[in-house]
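*Asks:* Sequence:
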Amino acid sequence: MIKENADDLEALQRRRVPCMIAYLHPFRIIETADEPAWEVTIEQVNTRSWDYVALHRLVGGVDVGLEPPYHLAVGRDGALALPPLEALRNPQAAVERFNLYLAALLLGGIYCEAITPDGLDLGSIIDWKYIRSQRPGVAAPNRFHDQIRRVQAGPSEAIALIGPRRVTHANLDQAMRAGLRMLSTVPLVRGEYLLKGTTGLARLDWGAALADLWIVVEQLVASLWERHIVTPTVAADSSKVRRSQLSDTRTWTASARIEMLTQKDVIPLESFKALATARKARNDLHHCGAHPTAEDARAAYKGMTGLLVVALGGERPPLLDLDLADHGLSDPFAPPGPLPGQPTHWMAIPKLPGEEDLERAEAKMFSVKRE
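Residue numbering for the sequence shown follows our numbering, starting at 17 and increasing by one per position.
Hints were generated in silico from the structure; no laboratory data involved. Bear in mind that the values here come from a model prediction, so they are computed numbers and not experimental data. Even for Gly, the Cβ is constructed at its ideal location relative to N, Cα and C. Do not rely on the hints blindly, as some may be mistaken.
Straight line, CA to CA, 20 Å or less: simulated SDA-like cross-link-like pairs of lysine to any residue [as the list claims (entries may be wrong)]:
1) K296 - R332
2) K318 - C304
3) K296 - E275
4) K289 - A272
Estimated spans, in silico, between C-beta atoms of each pair [unchecked claim]:
5) Q190 - D373: 36 to 46 Å
6) V167 - S271: 51 to 61 Å
7) Q190 - S140: 26 to 36 Å
8) A176 - E378: 47 to 57 Å
9) G329 - A272: 47 to 57 Å
10) T360 - V167: 50 to 60 Å
11) Y86 - T360: 53 to 63 Å
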């Protein structure tokens, strides 16, 4: 009886495997070659009758270098699941690991944004067919996925299921491999800060973008300094004093290293100019609390990507082919312009008392002005 109970317990444990979950954001549907495309109609949105089972489906895994037999599991709705390994059993470690993989995807050409501890779900993989969230995080993407998976999302949220961004599992795997390979080429660089800095650009958070991207700049400069200055010098003079002098960040500050690397034609002049703009803005932010401009943050991004190409030996990462404006927030104070495309779905907005009369008066006034 005891053996039978143990066997039953082991069988149940194989059917439900614990995991931690984060989501690709912006929302994406993951497609596979052997399954038809997942589609939702406006009627299904209005009646909450979309195929929620398909959203839970595990579509495959991605090798991210975990110890066998573990891998990163991928769900149809963009869920990314990791096993609760001992090294990941605290929120910060788990978030850093997910952001590493998201940064690899970004470098590999798939736009995605960083997560924070409120973007973690706890759940399980059922029968190695479905990814089930049982303790959803409170971040907006997690709430969205929780609602569409439980068929609780209202039409205003569920409309995102119509015509979503899509990526194939094969392309996801390819982007991950390329991104992790590039990050391994520059081991001093923490991909999380590259991801957060790019996220800041997309969200028009210039201060966060500049601060995070400048961290990546200094890490790339340190990598290039070691490769082009320290290593050749120590090869000719291996004394500890010589290495210590070149490694002294008080003498060789980031700005001094950038200047030296530019004079040696390691850093291109265009990147140097962008870094000069970003460095001044970063110092003003750090020492005076002066908020940077969009141009300052974009200069940091331009300088960072220029250094990255140099550090990768001239390889151009697919990240540079992404149009970040396609994924960013719109400027609420920009002059209104024509909307791209045509509206495909409509929903009535409940009127406030007196609002309908006000709109009629405004429409009449505008028509008179046009005449």
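*Asks:* Would you mind marking each hint as holding or not holding in the structure?
*Replies:* Evaluated hints:
no. : hint                    : in the structure
1   : K296 - R332             : 27 Å, violated
2   : K318 - C304             : 24 Å, violated
3   : K296 - E275             : 14 Å, holds
4   : K289 - A272             : 14 Å, holds
5   : Q190 - D373: 36 to 46 Å : 57 Å, violated
6   : V167 - S271: 51 to 61 Å : 56 Å, holds
7   : Q190 - S140: 26 to 36 Å : 28 Å, holds
8   : A176 - E378: 47 to 57 Å : 31 Å, violated
9   : G329 - A272: 47 to 57 Å : 24 Å, violated
10  : T360 - V167: 50 to 60 Å : 22 Å, violated
11  : Y86 - T360: 53 to 63 Å  : 42 Å, violated
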